[in-house]
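Please work from the sequences and hints to get the whole structure.
In order, the protein sequence lines correspond to chains D and S. Quick note on this note's numbering: the first sequence kicks off at 1 and runs consecutively. Quick note on this note's numbering: the second sequence kicks off at 289 and runs consecutively.
Hints may contain errors.
Claimed, not checked - Pulled a few chain S residues facing chain D out of the computed Cβ check, cut under 8 angstroms:
hint	residue
1	F388
2	F390
3	G394
4	F396
5	P397
6	G408
7	P438
8	L441
As the list claims (entries may be wrong) - Derived coverage of chain D by chain S (criterion: at least 3 residues anywhere in the stretch with Cβ under 8 angstroms from a Cβ of chain S; other residues may be distant):
hint	segment
9	183 to 196
10	221 to 229
No lab work stands behind these hints: they were computed from the structure. Don't be surprised by glycine CBs; every beta carbon is placed ideally from N, CA and C.
Chain residues, written in single-letter form:
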Amino acid sequence: MSTWPFVVLGVVVVTILVARKLRDPWPKFLLPLSVACAFLALWHISCEIKSYEVVQQDGSRRLVEVFPTPWQAWEGSKKALLDGTLLRYAVASVYRVAVGFVVAALLAIPLGLWAGWYVRGFQAINPLIQGLRPISPLAWIALAILWFGVKDASAIFLIALASFFPIVTGTMTAVRTIPVVYVRSAKNFGLGGLELFRRVVLPACMPQILISLRMALGIAWMVIVAAEMIAVDSGLGYVINDGRNASNYAIVCGAMVTIGLIGVGLDLLMRSFENMDEVRWGFPKVRP
Amino acid sequence: MSRASSTSTAQRPVAVSAPAAPKIVIRGVTRIFQRKDDELRVLDDIHLDVAPGEFVCLLGPSGCGKSTLLNIVGGFDAPDAGTVLVDGQSVDGPSPRRIFVFQEYGIFPWASVWDNIALGLRGRTKAEQHEIVTRYIELVGLQGFERAYPAELSGGMRQRVAVARALAVSPDVIFMDEPFGALDSLTRLSMRSEILRIWQQEKMTILFVTHDVDEALQLADRIVVMSPRPGRIREIVAIDSPHPRDIGSTEYGRTKNHLYELLGVSHAV
Chain D
1 MSTWPFVVLG
11 VVVVTILVAR
21 KLRDPWPKFL
31 LPLSVACAFL
41 ALWHISCEIK
51 SYEVVQQDGS
61 RRLVEVFPTP
71 WQAWEGSKKA
81 LLDGTLLRYA
91 VASVYRVAVG
101 FVVAALLAIP
111 LGLWAGWYVR
121 GFQAINPLIQ
131 GLRPISPLAW
141 IALAILWFGV
151 KDASAIFLIA
161 LASFFPIVTG
171 TMTAVRTIPV
181 VYVRSAKNFG
191 LGGLELFRRV
201 VLPACMPQIL
211 ISLRMALGIA
221 WMVIVAAEMI
231 AVDSGLGYVI
241 NDGRNASNYA
251 IVCGAMVTIG
261 LIGVGLDLLM
271 RSFENMDEVR
281 WGFPKVRP
Chain S
289 MSRASSTSTA
299 QRPVAVSAPA
309 APKIVIRGVT
319 RIFQRKDDEL
329 RVLDDIHLDV
339 APGEFVCLLG
349 PSGCGKSTLL
359 NIVGGFDAPD
369 AGTVLVDGQS
379 VDGPSPRRIF
389 VFQEYGIFPW
399 ASVWDNIALG
409 LRGRTKAEQH
419 EIVTRYIELV
429 GLQGFERAYP
439 AELSGGMRQR
449 VAVARALAVS
459 PDVIFMDEPF
469 GALDSLTRLS
479 MRSEILRIWQ
489 QEKMTILFVT
499 HDVDEALQLA
509 DRIVVMSPRP
519 GRIREIVAID
529 SPHPRDIGST
539 EYGRTKNHLY
549 ELLGVSHAV
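Here is the structure:
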């Protein structure tokens, strides 16, 4: 067993103990970095625990490694990263998720606003929506292929489907919980119809809609692996499915890490909208 | 404080009439809330006339129906019996002629101070909007905060925005439902003198709901004391002394004691 992961773990523990006493902005970068290093060390240790030696027929010993260590994952993904394939696949995946997510938002927000505003509309469609919501996108694969063929459109459909339900549910709840005093004020000043919607209902719901969009984008990005199981020939999900079939677990790990990093980026992007003047009021200040 | 005259009214609508053609006429208004197995008579046969330009406070403990009465007069709720007339017309919904100022959160947090105050001015030209909004921002003393959002303002400043937004449409009547209830006591005091100054300048009719005896005494021409379950008018107390009122006078103390008696609570603690 190698000793370096334990050295890293020791350093991490000391760093965390010291960083707790330091003032900002030091621990802000130090702490997450330490935790990431500890994660890599534990990953490495768990790989070594699970690997074992076999005595071959000629008497020589061979080490059987079940799962790639972080270093092996890096080595195995390096080529794909450097020659641009990984980047191209990442772009392909982000494109599919972006299209599916935007289509879902364009359908779900108006539907949610309508069903949230009209009690009868809510009563009519909410049970169906809540009934369809828990069905995994995996279950829809067959139907997706039937409708859209073995094409990009199928993957996009699955992503749109997965992000549709959180957005429509969040938007409906947002409209249904608008404080009555906003609507009364608006009507008092003579607002009605579309103007009431544009100037009061929509802005009042915006923070909650934004939260549901953020959740939905997280889910959409998570679904990419399932969506690209349909025989598309590009994308990070494709890399994972293909790597699994070829027992190339190093590239599987590389794609997983890439998905994780892009996911962090997408979440940061969505959160940056929370600082806009029109919605900032809906996000209570978080303890620093 | 010169004199406080009382009229016992609950059963005699004629006695509540104010002189001249009344701005608001409330006749036999009754409101019943249905509950699971019984019904709650929130308002029971309310009669009240309010003169143009009059400042009337509805005073009573929580649950006496004063907010419900305000909602009915404002057009947000309908009575189960009785009628409400404003300028001789029966009220069938809210109108920009009669603006509500709510206790809190009535202004829109997603819009700047300027856009909030301009809410009722959508039909006007840009130049008119600019002139009106500027005037009322000055009137309530919010110069320099035009671009600020409500979350950046103190509670008192937010209520100033609500008042300016109401005034911007030049309403005949302003309804205020415990507008200063969420403010600290010092801010509340200064907001009271602000609203009196504005009322004397703009000469609109104000119907003001409060459960604060001092607030009613400092502001109102007449105080309508209400009692709960069922919500009824207990007595209407006219306050004849001019503003600014001396809150240290014996007359003030006597009226205050009388109001506490009507409310059924002991003044001395």
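message: Under the constraints set out in the numbered hints, which ones does this structure not fulfil?
response: 8, 10
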